[in-house]
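Visitor: For reference, the chains in residue letters:
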Amino acid sequence: MDLDQDGNLDILSGSYSRMEGEMAGLFQVLWGRKEGTFARAKPLLSEDAKPLVLPGDEGDRICTRPFAGDLDGDGHLDLVVGSMGPSFSFFAGKGKGRFDPRARRLEGSNLWVDSHSDPFLVDWDGDGDLDLLSGSAAGGVFLFPNEGSKTSARFGRRVTLVKQPRDLVPQGQPDVLGDAHLRGPGMATRVWADDTNGDGKLDLFVGDCVTLYHAAEGVSAATALEKLAAWKKAVAEIPDGDGWSEQYSRLTAERDAFVTDESVGFVWLVRRK
Amino acid sequence: MWILSWLALFSIPQDVQFADPVRMEAGGTVVKTETPGYAAPCWHDVDRDGKKDLVVGQFQGGKMRVYRNLGEGRLESGRWLEAEGEVAEVPGVW
Chain A
1 MDLDQDGNLD
11 ILSGSYSRME
21 GEMAGLFQVL
31 WGRKEGTFAR
41 AKPLLSEDAK
51 PLVLPGDEGD
61 RICTRPFAGD
71 LDGDGHLDLV
81 VGSMGPSFSF
91 FAGKGKGRFD
101 PRARRLEGSN
111 LWVDSHSDPF
121 LVDWDGDGDL
131 DLLSGSAAGG
141 VFLFPNEGSK
151 TSARFGRRVT
161 LVKQPRDLVP
171 QGQPDVLGDA
181 HLRGPGMATR
191 VWADDTNGDG
201 KLDLFVGDCV
211 TLYHAAEGVS
221 AATALEKLAA
231 WKKAVAEIPD
241 GDGWSEQYSR
251 LTAERDAFVT
261 DESVGFVWLV
271 RRK
Chain B
1 MWILSWLALF
11 SIPQDVQFAD
21 PVRMEAGGTV
31 VKTETPGYAA
41 PCWHDVDRDG
51 KKDLVVGQFQ
61 GGKMRVYRNL
71 GEGRLESGRW
81 LEAEGEVAEV
91 PGVW
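Here the protein sequences come in this chain order: A and B. If you use the numbering used here, the first sequence corresponds to residues 1 to 273, in order. If you use the numbering used here, the second sequence corresponds to residues 1 to 94, in order.
Calculated directly from the structure, the hints in this document are not laboratory data.
The list that follows gives simulated cross-link-like pairs (lysine to any residue, SDA-like), each with its CA atoms no further than 20 Å apart:
| hint | chain 1 | residue 1 | chain 2 | residue 2 |
| --- | --- | --- | --- | --- |
| 1 | A | Lys232 | A | Val259 |
| 2 | A | Lys227 | A | Arg250 |
| 3 | B | Lys52 | A | Leu121 |
| 4 | A | Lys42 | B | Trp80 |
| 5 | A | Lys233 | A | Ala215 |
| 6 | A | Lys42 | A | Met1 |
| 7 | A | Lys227 | A | Asp179 |
| 8 | A | Lys34 | B | Asp45 |
| 9 | A | Lys42 | B | Leu81 |
| 10 | A | Lys94 | A | Pro51 |
| 11 | A | Lys42 | B | Glu82 |
| 12 | A | Lys232 | A | Tyr248 |
| 13 | A | Lys50 | A | Lys94 |
| 14 | A | Lys34 | B | Glu84 |
| 15 | B | Lys52 | B | Glu76 |
| 16 | A | Lys34 | B | Val87 |
| 17 | A | Lys273 | B | Ala19 |
| 18 | A | Lys34 | B | Leu81 |
| 19 | A | Lys94 | A | Leu45 |
| 20 | B | Lys52 | A | Asp199 |
| 21 | B | Lys51 | A | Asp2 |
| 22 | B | Lys52 | A | Arg33 |
| 23 | A | Lys42 | B | Val87 |
| 24 | A | Lys163 | B | Phe18 |
| 25 | A | Lys34 | A | Lys96 |
| 26 | B | Lys52 | A | Asp2 |
| 27 | B | Lys52 | A | Gly69 |
| 28 | A | Lys201 | B | Gly73 |
| 29 | A | Lys232 | A | Asp256 |
| 30 | A | Lys163 | A | Thr211 |
| 31 | A | Lys42 | B | Glu89 |
| 32 | A | Lys50 | B | Pro91 |
Bear in mind the structure is a predicted one, so any value in this text is a computation, not a measurement.
Construct the entire structure; sequences and hints are all you get.
Guide: Right under this line is the structure:
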C-alpha cells in the first residue's frame, strides 16, 4: 500500500522483536521510491518520533503482523496489528504515514484466534465496510464479519473459512515422507484475499509452515518410516527430569542416520467457487 | 494413509464455497520458502505492469521473494526483493 500517500508503493512488515531494550516487534517499512524501487527497512515511527510498539506483556508485543486499512472511515490508513497473542490491536491513522502511538484492543463478541493473530482487512461480504480475516499459529483461516459500519467497526462471531489441520487429520496417523500427501494449508497460516480471476469473488492466498520428512541417503522409504515410528516411541518414553535434554539430543543425532527433516512454507490458493 | 474430505476443510455459510486448495507454482516448481518456513503471501502489482504479482515473505533473514505475473495464470521464477541495490531484509525477524 501507499502508507504515506506520496504516490509510491511501500512495503509494511511486522517482526519478531528488536534486539535492544524491552522486547517488542517493530513495524518495519520499506519506503517506496518514484522509480519503483525501495529503501532499506526502517522502523515505523509514531507522532512522537519513537518506534511504534504494542502495549502489554511481552507476548502481546512480539511477532507483530501489521495491516494498513481505513477501518474508521476517516480517509486515513489505520493499522490493525496481530502479535504472538490471540487478539488484535488498532492504531488510529493521522494521514501520510503517521499514527497515534496509543493502541487499543479491537473488541468483538468472539474476536480471537489460538495465537499469532494475523489480520487482513477486506470487505468480504460486499456491504461496504471492512471485515477482518486472520490466520493463526494452529492454522486455518477465520472471518470476523463487521456488524457495525464503515466508521464504527464491531466484529461479530468468528466463521471458519479454512479448517485447521488438527480438525482434518485423525490423531495417531503414521508419518509420511515428502510432500505429495499435502492437500491444504498447514500451521502458522498467513492470509491475503483478492479476486485472482476477475469473477467478482474474493479468493484466499494462505501461507503456511510444515515439517517434511525425507529418507536419508541410502535408506529406503519403508525403512525410514519404520525407524521414524520407533524413534518417536523412544522419545515419548524418555523420563521427565534432568537428563531429558541430553537423551533427546542423542536420539535426534541418531535419527539423522535414517531420516532428515525440513521446515518450509508453501503458498496455497483457495479459490472461491 | 488417510483420506481427507475436501468439503470438510470448510465450515462456512452455505452461499460460500471454495475449490480444493492448490499450491502456487512459479517457473515450473512449487513456491517454497527457505527453512524454517512461515510463508507470508501478498498479491500486488509490484512491477507496475498492470498484473498483480506474488510476493512471499519468509522467516529466514526476513527476506521477500517476488514472483512476476506473466499472465495466463503463469508466474516467473522468483527473485529476492531488493532495497538500495541489495537483497532486502526486514530486521528483527531472524
